[in-house]
Amino acid sequence: MRIEVNGKPIDTSAATLEALLDELGYRGQKAATALNRQFVRAADRATTAIAPGDAIEVVMPRQGG
Amino acid sequence: MAKPFEVYGEEIASRLLLGTAQYPSPAILGDAVRASGAQIVTVSLRRESGGGRAGQDFWTLIQSLGVRVLPNTAGCHSVSEAVTTAQMAREVFETDWIKLEVIGEEDTLQPDVFGLVEAAGILARDGFKVFPYTTEDLVVAERLLEVGCQVLMPWGAPIGSGRGLNNPYGLRAMRAHFPDAPLIVDAGIGLPSHAAAAMEMGYDAVLLNTAVAKAGDPVAMARAFALAIEAGALACRADPMEPRDMAQPSTPVLGRAFAKDDYA
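These protein sequence lines are chains A and B, in that order. Sequential numbering of the first sequence, starting at 1, is according to the numbering used here. Sequential numbering of the second sequence, starting at 66, is according to the numbering used here.
Treat the hints loosely; a few may be bogus.
What the hints assert, rightly or not - Which stretches of chain A does chain B cover? Using the computed rule of at least three CB atoms under 8 angstroms from a CB of chain B, they are:
id, segment
1, 12–25
2, 35–42
3, 46–54
Unchecked claim - Some chain B residues judged to face chain A by a derived CB distance under 8 angstroms, without partners named:
id, residue
4, G84
5, S109
6, R112
7, W124
8, Y234
9, A241
Keep in mind that the hints were calculated from the coordinates and are not lab data. Note that CB positions come from ideal geometry on N, CA and C, so glycine has one too.
Given these sequences and hints, build the entire structure.
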């Protein structure tokens, strides 16, 4: 299915947010996630299903002012 | 050493809060933080590809500095963006502190104070300790305190402008109006003298980034700001004199050579 991750369209077969993060190489990384602009806790990723057209954000620590 | 100030029940010894962006290198960032003596540094969250190292490397550096982090919602233009970003930051940085920015205007990066108050209320009810980036508007400040903020961060000037304290009258009025709330001047500082001026007005602390990061020697500038802020805080406690309209000799007039009236 076609979804969007960090603003870019991708095709995935992952059924859950956790599976998607694994597929994209985020396993073990200090990342936070949002699905369709709503925060998804790390603990809820395994039970958060992904549907076609979903927009996912994956963010990590960065310099800030 | 300046007296500590208290925010959300935490005693903070350094009155300089430092941003971590725009430094020439991670090593210089680390040296600048150490030279500044800052105990609180601001950080952010940004998109990163899977397997990327930038975020992890940055986080490792920050952890090595032994400072407390204050995550921001920089770049958020709506209440929902700011709230979601704050929730993500709480999880990643493991802190309920959040520097809340809701930007309302691109040229000045002026806060959208209506969205700011709304987002601050949502976050405060969710257990966040909100540090709102606001203007010197007293009514907005009252609203922010009402919805649960225990600190206010009025701008000195637009973010990154280095213009100093654009509205000294407004900042003084804010200090006078809120004698007990911790007040931190955030943004627009360009020189240590600007920071010293904020402290002389009685502000509790100053938050800055670009003035240090974009200096030719960020480490030296970090130290200069630390000294200026400590000097300003000490000066405020020392109760500065009132300005006068007319000159008044500081050297005693009595006994001056060649005076005509000393023998009276």
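Tested hints:
Three residues within the 8 angstroms Cβ limit are the bar, and the segment 12–25 of chain A against chain B gives 3, so the coverage statement holds. As drawn, the segment 35–42 of chain A meets chain B at 5 residues by the rule of a beta-carbon pair under 8 angstroms; at three or more, the given contact holds. Counting residues of the segment 46–54 of chain A whose beta carbon lies closer than 8 angstroms to any beta carbon of chain B gives 0, which falls short of the minimum of three for the stated coverage. Because the closest C-beta pair between B/G84 and chain A is about 3 angstroms apart, less than 8 angstroms, the hint holds.
The interface hint given for B/S109 holds, since its Cβ lies 3 angstroms from the closest Cβ of chain A, which is under the 8 angstroms cut-off. Nearest Cβ of chain A to the Cβ of B/R112: about 4 angstroms, under the 8 angstroms cut. The hint holds. Contact between B/W124 and chain A, as hinted, is supported at the beta carbon level, the nearest pair being about 4 angstroms apart and thus within 8 angstroms. At a threshold of 8 angstroms, the smallest CB-CB gap from B/Y234 to chain A is about 26 angstroms, leaving the interface hint violated.
Hint on B/A241 is violated. Least Cβ distance to chain A is approximately 28 angstroms, over the 8 angstroms limit.
Of the numbered hints listed earlier, those contradicted by the structure are 3, 8, 9.
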